[in-house]
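> Okay, here's what each chain looks like letter by letter:
There are 2 protein chains.
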Amino acid sequence: MKISCLQENLSKGLQAVSRLVSTRGTLEILSHILLSTEKGRLKLSATNLEIGINYKIGGKIETEGSITVPARLFSELITQLPEGKLNIETEDNTVFIKSGDYKSHIKGLSADEFPLIPKIKEGKSFSIDANILKEAVNSVSFASAIDETRPVLSGIYLKLNKNKLTLAATDSYRLAEKVVNVKGGDKKIEVIVPTRSMTELTRIIGDDENNINVYLNANQIMFETDNFEFTSRLVEGKFPDYKQIIPVIFETKAVLGANDFVKIIKVAALFSGESVGSVNLEVESKGKVSATSSSSQFGDSQAACEAVVEGKDAEIVFNSRYILDVLASISSGKISFEVNGKLNPGVIRKEGDKSYVYVIMPLRA
Amino acid sequence: MKISCLQENLSKGLQAVSRLVSTRGTLEILSHILLSTEKGRLKLSATNLEIGINYKIGGKIETEGSITVPARLFSELITQLPEGKLNIETEDNTVFIKSGDYKSHIKGLSADEFPLIPKIKEGKSFSIDANILKEAVNSVSFASAIDETRPVLSGIYLKLNKNKLTLAATDSYRLAEKVVNVKGGDKKIEVIVPTRSMTELTRIIGDDENNINVYLNANQIMFETDNFEFTSRLVEGKFPDYKQIIPVIFETKAVLGANDFVKIIKVAALFSGESVGSVNLEVESKGKVSATSSSSQFGDSQAACEAVVEGKDAEIVFNSRYILDVLASISSGKISFEVNGKLNPGVIRKEGDKSYVYVIMPLRA
Numbered sequence: 001m002k003i004s005c006l007q008e009n010l011s012k013g014l015q016a017v018s019r020l021v022s023t024r025g026t027l028e029i030l031s032h033i034l035l036s037t038e039k040g041r042l043k044l045s046a047t048n049l050e051i052g053i054n055y056k057i058g059g060k061i062e063t064e065g066s067i068t069v070p071a072r073l074f075s076e077l078i079t080q081l082p083e084g085k086l087n088i089e090t091e092d093n094t095v096f097i098k099s100g101d102y103k104s105h106i107k108g109l110s111a112d113e114f115p116l117i118p119k120i121k122e123g124k125s126f127s128i129d130a131n132i133l134k135e136a137v138n139s140v141s142f143a144s145a146i147d148e149t150r151p152v153l154s155g156i157y158l159k160l161n162k163n164k165l166t167l168a169a170t171d172s173y174r175l176a177e178k179v180v181n182v183k184g185g186d187k188k189i190e191v192i193v194p195t196r197s198m199t200e201l202t203r204i205i206g207d208d209e210n211n212i213n214v215y216l217n218a219n220q221i222m223f224e225t226d227n228f229e230f231t232s233r234l235v236e237g238k239f240p241d242y243k244q245i246i247p248v249i250f251e252t253k254a255v256l257g258a259n260d261f262v263k264i265i266k267v268a269a270l271f272s273g274e275s276v277g278s279v280n281l282e283v284e285s286k287g288k289v290s291a292t293s294s295s296s297q298f299g300d301s302q303a304a305c306e307a308v309v310e311g312k313d314a315e316i317v318f319n320s321r322y323i324l325d326v327l328a329s330i331s332s333g334k335i336s337f338e339v340n341g342k343l344n345p346g347v348i349r350k351e352g353d354k355s356y357v358y359v360i361m362p363l364r365a
Numbered sequence: 001m002k003i004s005c006l007q008e009n010l011s012k013g014l015q016a017v018s019r020l021v022s023t024r025g026t027l028e029i030l031s032h033i034l035l036s037t038e039k040g041r042l043k044l045s046a047t048n049l050e051i052g053i054n055y056k057i058g059g060k061i062e063t064e065g066s067i068t069v070p071a072r073l074f075s076e077l078i079t080q081l082p083e084g085k086l087n088i089e090t091e092d093n094t095v096f097i098k099s100g101d102y103k104s105h106i107k108g109l110s111a112d113e114f115p116l117i118p119k120i121k122e123g124k125s126f127s128i129d130a131n132i133l134k135e136a137v138n139s140v141s142f143a144s145a146i147d148e149t150r151p152v153l154s155g156i157y158l159k160l161n162k163n164k165l166t167l168a169a170t171d172s173y174r175l176a177e178k179v180v181n182v183k184g185g186d187k188k189i190e191v192i193v194p195t196r197s198m199t200e201l202t203r204i205i206g207d208d209e210n211n212i213n214v215y216l217n218a219n220q221i222m223f224e225t226d227n228f229e230f231t232s233r234l235v236e237g238k239f240p241d242y243k244q245i246i247p248v249i250f251e252t253k254a255v256l257g258a259n260d261f262v263k264i265i266k267v268a269a270l271f272s273g274e275s276v277g278s279v280n281l282e283v284e285s286k287g288k289v290s291a292t293s294s295s296s297q298f299g300d301s302q303a304a305c306e307a308v309v310e311g312k313d314a315e316i317v318f319n320s321r322y323i324l325d326v327l328a329s330i331s332s333g334k335i336s337f338e339v340n341g342k343l344n345p346g347v348i349r350k351e352g353d354k355s356y357v358y359v360i361m362p363l364r365a
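In the order they appear, the protein sequences are chains A and B.
Position 232 of the first sequence, counted from 1, bears residue number 232 in the working numbering, the numbering being contiguous throughout.
Position 130 of the second sequence, counted from 1, bears residue number 130 in the working numbering, the numbering being contiguous throughout.
Since no wrong hints were added, every one of them can be taken at face value.
Dumping the calculated BS3-like pairs for lysine-lysine here, alpha-carbon to alpha-carbon at most 30 Å:
| hint | chain 1 | residue 1 | chain 2 | residue 2 |
| --- | --- | --- | --- | --- |
| 1 | B | Lys-43 | A | Lys-263 |
| 2 | A | Lys-243 | A | Lys-164 |
| 3 | B | Lys-263 | A | Lys-2 |
| 4 | A | Lys-342 | A | Lys-253 |
| 5 | A | Lys-354 | A | Lys-238 |
| 6 | A | Lys-98 | B | Lys-288 |
| 7 | A | Lys-263 | B | Lys-2 |
| 8 | A | Lys-43 | A | Lys-12 |
| 9 | A | Lys-2 | B | Lys-266 |
| 10 | A | Lys-162 | A | Lys-124 |
| 11 | A | Lys-187 | A | Lys-134 |
| 12 | A | Lys-354 | A | Lys-124 |
| 13 | B | Lys-334 | A | Lys-85 |
| 14 | B | Lys-134 | B | Lys-334 |
| 15 | B | Lys-288 | A | Lys-2 |
| 16 | B | Lys-43 | B | Lys-107 |
| 17 | B | Lys-85 | A | Lys-288 |
| 18 | A | Lys-107 | B | Lys-288 |
| 19 | A | Lys-98 | B | Lys-286 |
| 20 | A | Lys-263 | B | Lys-103 |
| 21 | B | Lys-119 | B | Lys-183 |
| 22 | B | Lys-39 | B | Lys-121 |
| 23 | A | Lys-85 | B | Lys-266 |
| 24 | A | Lys-266 | B | Lys-85 |
| 25 | B | Lys-266 | A | Lys-98 |
To give a feel for the contact side, a few chain B residues facing chain A, derived at Cβ under 10 Å:
| hint | residue |
| --- | --- |
| 26 | Leu-73 |
| 27 | Thr-94 |
| 28 | Asp-101 |
| 29 | Gln-302 |
Note that these hints are calculated values from the structure, not bench results.
C-beta: ideal position from N, C-alpha, C; glycine also.
Model the full assembly from the supplied sequences, consistent with the hints where possible.
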């Protein structure tokens, strides 16, 4: 292989793929990146056996070929090199990298040892705007379970029906659901993708990506743009039938600033010491939401902000972290907060946005 | 105590003092901050028994008094409160903090339990510009020993003579020395201050500080500005007589860009795997400095940059970290790099700045 490319392009590609690379695995080859030439471009490939990615960058290919290099050393070297053109040439299992007065040899492994990253090419399922997908994933992913005791809860549920894609995640204490429009989605699809795969995908989607094509087979999903192919295994099993727990009415509704809500909850959470972040929320029909908490060790706190309230007064206890998580994803503007008594789930939405709903189970006072 | 002050001022003061507070000590009182009123200002005090700080902020004192509060909870609360006026009032050992719709009670401890932070008031030794002191400390502190096997090496040596203050630090592999002007420094002083104390001091010196008065007694040093008093214990013992190891002549001298030097050393250091960051430096009289390294496991690298060279060609091996440390503190402009053969110490200076010298022992090739 003999090629040249721009340092800034190679560096960007390496940033995208090297997060997948294991630094302390049992298989040495998984700590490597595969470099290969494909259709006039340089392809960088990495995999952790659950996720695989091919990232392609422009360059000038003089001789085709392929080799693997240790991901960390190669990335650190390329980052340090000056911007502009660099040359890469292989001889046996060594890569020679040259940029002006910088000349390095890196020992690699044969490309044959690198695991195959499957490409799913039959049956494109749908296309989606890259930024819409990124935002949708970020608005539900935090509701997934962290541990994998129940594998289906550590994934994001994707359901396609009539050009609408529903994304949902739950750890059984809270649930987030988002519906977005897709193109060419005339099939019916129902799959669960590991949440870690989806969040890695959002990190790789750059500002220059427009459209993502999504392909599926029985075990895998592939996301394809002009720059990359990203393949993940699917989670086996059936996602909980969650629709029934989303309240359709409310007794009390408050509309308030997302930032105000964050502030009063953060202050109250400081004093919830012994009781895992629980805060007591009061919605007053005179137009106020307040958060209180107290701890025998530290003291107590009460913080309030203005709100537009419909329905009757309400009082309910939540885990503050579950509320802060959703507010971090909404981040600004107005939110609506709906309550049906202190024993039923509460609902948070972005005010005026029917495509998103977040449901939280209350704690016992 | 009953006072009011601005959230932004209190928050700034807490940032300055709370770094000293131990979060997991045996003595509960050391995880607290002392709040007290002094001459119309609110004083925040914290100590880890090695360093003590009093930081004073403006406010309106209605009733004098004092109390201690848990540092972390109090700081986190104040950070979350909105900008503007807040009221603080004590009742027994509880502090009541009110800002608009935010009301909190924090349980504190009696001020009597807080360790006394000594003030040294007799015998001012000298005064120094705050930014000059900060820069001088940052230009030598990294050369101190991290471990405390030889306590004198974990401190910064301060020597005052005829309005010149010399600061020096060494871990016995490298040495940094800086000389600055002071005012009123007609005494002769020779002390060692723990490096951690000096770096904490630089973090507390804000952009609004102008002049620092320095006081000394047999065991302690105090730095005083309009806003704070910072007291540290001294290190007992005699600092090594280092003057003799600073080379006064050179066989080879290269003047090159600090950033160029950083780049070539960082690239070479990537390949020094087995041999603790050692890089081979070559100075060529034709006007070039190059850094090379090789590893049987990873490969090899050679990187070069232009330099203005005086004297004969030279080759020497250094620990790359020791060079990167000093270049990080110089950060831009030209540096001079002087060598006297491969077995003698090398010298790095900021080109044209005679007030600073950095000496590094070579490694055996």
